[in-house]
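Trainee: Given chain E's structure and the hints, the job is docking chain X onto it.
For the protein sequence lines, the chains are E and X, in the order given.
Residue 0 is where the first sequence starts when you use numbering that gives the first Met the number 0, and the numbers rise one by one after that.
Residue 0 is where the second sequence starts when you use numbering that gives the first Met the number 0, and the numbers rise one by one after that.
Treat each hint with caution, since some may be false.
Stated by the list, open to error - Computed list of lysine-lysine pairs in BS3-like fashion (alpha-carbon distance at most 27 Å, straight line): (1) K439(X) to K371(X); (2) K265(X) to K441(X); (3) K219(E) to K149(E); (4) K493(X) to K505(X); (5) K209(X) to K331(X); (6) K81(X) to K56(X); (7) K209(X) to K140(E); (8) K25(X) to K50(X); (9) K285(X) to K149(E); (10) K285(X) to K140(E); (11) K371(X) to K56(X); (12) K140(E) to K222(X).
As the list claims (entries may be wrong) - Which chain X residues face chain E? A few, computed with CB under 10 Å, are given here: (13) P93; (14) M102; (15) P289; (16) I292; (17) N293; (18) G295; (19) G451; (20) V452; (21) A476; (22) A486; (23) R490.
Claimed, not checked - Facing chain X, according to a computed beta carbon distance under 7 Å, are these residues of chain E, among others: (24) T143; (25) G233; (26) L248.
Derived by calculation from the structure, the hints in this document are not laboratory data.
Virtual Cβ for every residue (Gly too), placed ideally from N, Cα, C.
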Amino acid sequence: MNFKQKYVFLFPGLFVLIGILIFPIIFVVRLSLSGWNSYNGLNFIGLENYIRLFTDDPRFWESFFRLSFLSVTTVILQYVIGFALAHMVWKDIKFQRFFRVLFLIPMMTTPVIMTVIWRTFFHESLGPVNDILSNFGMSPKWLTDPVLAKVTVIIVEVWQWTPFMFLLLLAGLLSLPKEPFLAAAIDGASPVRKFLYVTFPLMAPISIGAIIIRLIEASKIMDTVYVLTSGGPGTSTETSSFYIFIKGLREFQMGYAASMSFTYLIIMIISLTVIAKVLTKLMLKD
Amino acid sequence: MKTIKTFVTAIVSAMLILSPVAYADKWGDQFPHIKATGDIPGDCSYEEMSKKNYKGKTLKINTHAVPVIGQPTALHAEQFAKLTGAKVDVTHTPAGDLYAKAMVPFKAGQAPYDIVFGFSNFINDWKRYLAPVPKKYMNSTEMKDVTKSHIGVSSWDGTMYQYPVDGDRHYLKYRKDVIDNPEMQKKYKADTGKELRVPRTWKEYGEMAKYFNGWDWDGDGEKEYGSAEVMKKDDLMFAAFFSRSVAYAKNPRTPGGFFFDLDTMKPNINNPGFVEALGDWVEATKYVPPGGINFGLGDEIGSFGGGQTLFSFSWDDAFIAAMQDDSPIKNKVGAAPLPGADRVWNRTSNSWENQYNQAPYIVWGWAVGVAKKSKVKDMAFDYLCFFSNGANHQADLAIGNFGVNPFKNSDFDPNIYINTMGWDPEIANSYTKTLLDMEKSKNRVFPLRVPGVFEFTSAVATGTSKALAGQLSPQEALDEVAKEWEAIVQRVGKKAVQDAYAVGVKMEDNKL
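So that you can see chain X by itself, here it is in the shape it has in the complex:
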């Protein structure tokens, strides 16, 4: 009897253990995108979605241009259509036009799109027109894995309006095969008298980038350059500028606002900290690849990911692109926190503090919501839940130009990258550690999430691009931005901006 019991237990155990594999294979075979993991059980898995029937219904989505976020949107739309029988129409829109493409119909009381993609900092302007994420999805297995900070990012006053599909931070990417190369270190020391190491400050970053600019340092027969950065006007360049500014202008000893003084709502954007950062950025135009001043995010990804530059520092995408199987520099890159500065501006005492400062910039990233006036809300939320289900998410993470980056607790396990993506363990560990450390930092900066946010960021893009083009000095450019910001605050209403900004300040001051 005991033998039979043991035998039955063994059979049942084997079935339980092996069933997910068989189940995974079934969907992995049909959908090559998830071949590495197969389906991962959950409320929005392939298996669960295949039980839905949306035949005869149409889902309309407005998303970013291909490839960044536009490609996964289209791919998952195709998969969703195949699984549920729905018709899914996807419209692709350039980054700069995503805001207005949704706002125009929103303001006119229409809903030409059921799902709208944008940036997470649009939340304040968009939330009136978006349907809150229903409880059913809030309690889904997929949502339970989302980090606390990204739940907060997608919500306003405790209500979630944006469905988490991405989580972004800016950090430093560098060529490990150069920076850690003893021969290069020796050569750099001999030529400059300085140590070649992962740059601790933006000044070091600039020195190294300048040294490695315009010559073939990896022996591939092509010239390489110092740094690839998003410098194209209106193409997320404001975020690149803030990444360079946080080291000089985010002082942990002066709480109460990075962008504005929360009490007076006077802009800080033209204080010496920001001006120093813009001065560094103007200098950076000398060590970017030819045409680098016109690089958008896609160019930056292609440039660093293709092995053209020593450094890059914005979103994950360039790093992931460099670590893809088809990359010439796979396992030759490293991740590190954004460089800091040897001095930081104290806006209370109006003086520089001569001590090392580093601050992470949590950019958040792509966000997506369902229009309140949509007639197919259930299907829309199902699509979003499916978009970020376990299998899709892990597969998307591995593709650099998809623009999908870690926002789930499980994403910080280095084994995912080692086992399914073939990353070198040291690189996988440094990558996850860099991201995790940013989550833990007490000196973080979060993006503006105030009404009329696009006016503020557009003013920064215009001002800084004038400085990069040599039309204005850094101080003049930022004075112009500050003047414009003051005017925007007046137009929008000081109280409205102040109230919204207070939420961000609380997060920066570690009070939320």
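Chain E extracted, bound-state conformation:
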């Protein structure tokens, strides 16, 4: 096969890559340098949007820190619960297959529809949660208290995505070699020591991968917030992606929204790279 023919075969893949990845990124960068909105076209305005973002938009940064809090909290909870569940069904227990399928169900449901159902559950005057809690004299403001609304978002996210963590970690557990566990058993290690000194370290590479994948996904949290709280009360559950959505697709400040998206992309690439490095250092130190 000569040199030119190789390029012919590469072209379809390259064309798709340019069409769905390179072009949109270049277009977003170009858009971010324009004042495109409902009354202006794709006019070039230089770095004006970026200057506005860095000097005059505390709401973007607030939403970014809120997002960081929500994504780190939900991923930690998903990891802990997911690991516990995976560990549970890794062992030979009764109805093992049933539980393995059961724990995966939340992930198989449509997030938006499930969030609508959760919103109904947490509805403060009509929902079943407060209906039950009112018997004990409690009626928490699940969706209208700034702190509790964050907790509600976390509950829904953890419920929806823990199965993903469970699936990855269970696959990891099933692929672990048997010898270290046999050795630990011969040495008379207790279950706790076995977990701390054998299972957990062996699972570290898979854990890092699972955590990073979930962090990437969690940092895009949008549908849950949109359906559950619309970013409210006030701006207490507004995340970066939801804020960008408001500016771009509600207020139609496309140029400014593009500058936020691009900035957000850069921040996420840097922060996730740093997090991956730190996790690798911490979990794989031995």
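Mentor: Then chain X, alone, in the frame of chain E:
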């Protein structure tokens, strides 16, 4: 000979009189929605539409989510398809996304939808992309019944871009069986020392709502609450805030702009009048039902219409829902003008005027246009004309969550509501009088219709929701909104906003 003549005249007269009935029955039987009236003759009646043939053509519509306006859109689409043979695709979109759903393709030079629904205040941004309503429809029997103010609302510079399908105003709805109940009046007087009556001011509204909050005052075994209001961020909450603000900030003695000072384009939104209103609203979070701070329009309709609250004050829908046959509170509700205030801010003298003030807020409402780039404009206008024909309109008016409210002169006849909807005559009269008085008022406020309107209203929603959530004080929240408004004016261009705003100010100052 005379006897024969009389006989023939009698037969012909009987045929003329009875033919509309027979005609009405024909369509009423096929389309249960219009059973109460049958078809009503007109240029876009069922009879006229059945003569059209749109077989093989597709009409694409983007409308609001079900039920408000989304349900009648879908229902009339189905009827239109049945009558004309057209295929009608209806897409439902949440309120907050209607603007962008049309604007994105508009800006990209595309027309994925032939018909786009939105709010009437989008007119300034959308008009470049909409086809003007053709003369044929302007002269139709249906259009001739539309009120002068709603013709004006749908037009810009004398050209109509939005087809009138709805007409909205904000007014007060209250539980008549409580407010007019002598026993309740006695109890309220004994407990508070004050009169129980239809609230004249927002302070009275708050006092009564607080008193009637959290206990079973109608004996149905369920707790009732003070007020149901649209407080959910980005879900039309800006309009609810303006309804509460007009009493304090619309001063008939200071013409020249309610939202801005027209000369300088400096926002008025953080002046003491607006701040007082936002303070009242923050207080209102204490007398709404649990979760009320997250109520959108649909929740408000369900809450008041379902008998959960004493008051409500936005669009007609909650009132109509309460008056539907299946409502537990049918004929137990009343309509009245929005409450006023015992003092009003004078932005010229920078001081409060201690005198009673009341101002209606004409919200206008749902609007719809046909995309300039649509390839089936005739069919699209036929659909819109059919949507609001006499029979459909009267049937739609009777359903609370349809979101279709009076905008035709004939809508202000109380007999429609008494005869076809079974309303108590006193309630029907107070309802039509409330609406008519708003039309006649000389102290009205109209919504902003300036370029980039969604940026302005979104800023109000964000600021006020921060105050409602306790994140900021009312003054801080509105200072933030004012700062954002100034920035938007700069971005859009002061002249562009000023020119567009001048049209609204002329209307408010009764010069148009």
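Trainee: Hint check: K265(X) vs K441(X), CA-CA at most 27 Å. Holds or violated?
Mentor: holds, 24 Å
Trainee: Holds or violated: is the Cβ of G295(X) closer than 10 Å to a Cβ in chain E?
Mentor: Holds, because the Cβ-Cβ distance from G295(X) to chain E comes to roughly 9 Å (cut-off 10 Å).
Trainee: Would you check whether V452(X) satisfies its interface hint, that is, whether its CB is within less than 10 Å of any CB in chain E?
Mentor: holds, 8 Å
Trainee: Have a go at the N293(X) hint: is there a Cβ in chain E nearer than 10 Å to its own Cβ?
Mentor: Nearest chain E Cβ about 5 Å off; hint holds.
Trainee: When you check the alpha-carbon spacing of K25(X) and K50(X), does it fall within 27 Å?
Mentor: holds, 15 Å
Trainee: Holds or violated: is there a CB of chain X closer than 7 Å to the CB of T143(E)?
Mentor: holds, 4 Å
Trainee: Regarding the hint that M102(X) lies at the interface with chain E, is the smallest CB-CB distance below 10 Å?
Mentor: This interface hint holds because 5 Å falls under the 10 Å limit.
Trainee: Using 10 Å as the Cβ threshold, decide whether I292(X) counts as touching chain E.
Mentor: holds, 4 Å
Trainee: Can the restraint linking K285(X) and K140(E) be considered satisfied, given a maximum Cα separation of 27 Å?
Mentor: At roughly 13 Å apart (the allowed maximum being 27 Å), K140(E) and K285(X) satisfy the hint.
Trainee: Holds or violated: is there a CB of chain E closer than 10 Å to the CB of P289(X)?
Mentor: At 4 Å from the nearest chain E Cβ, P289(X) passes the 10 Å test, so the hint holds.
Trainee: Just to be careful, I want the Cα atoms of K493(X) and K505(X) compared with a cutoff of 27 Å; is the pair within it?
Mentor: With Cα atoms ~18 Å apart, K493(X) and K505(X) stay inside 27 Å; holds.
Trainee: Going by Cβ atoms only, is G451(X) closer than 10 Å to chain E?
Mentor: holds, 6 Å
Taken one by one, the earlier hints fail for this structure only at number 1.
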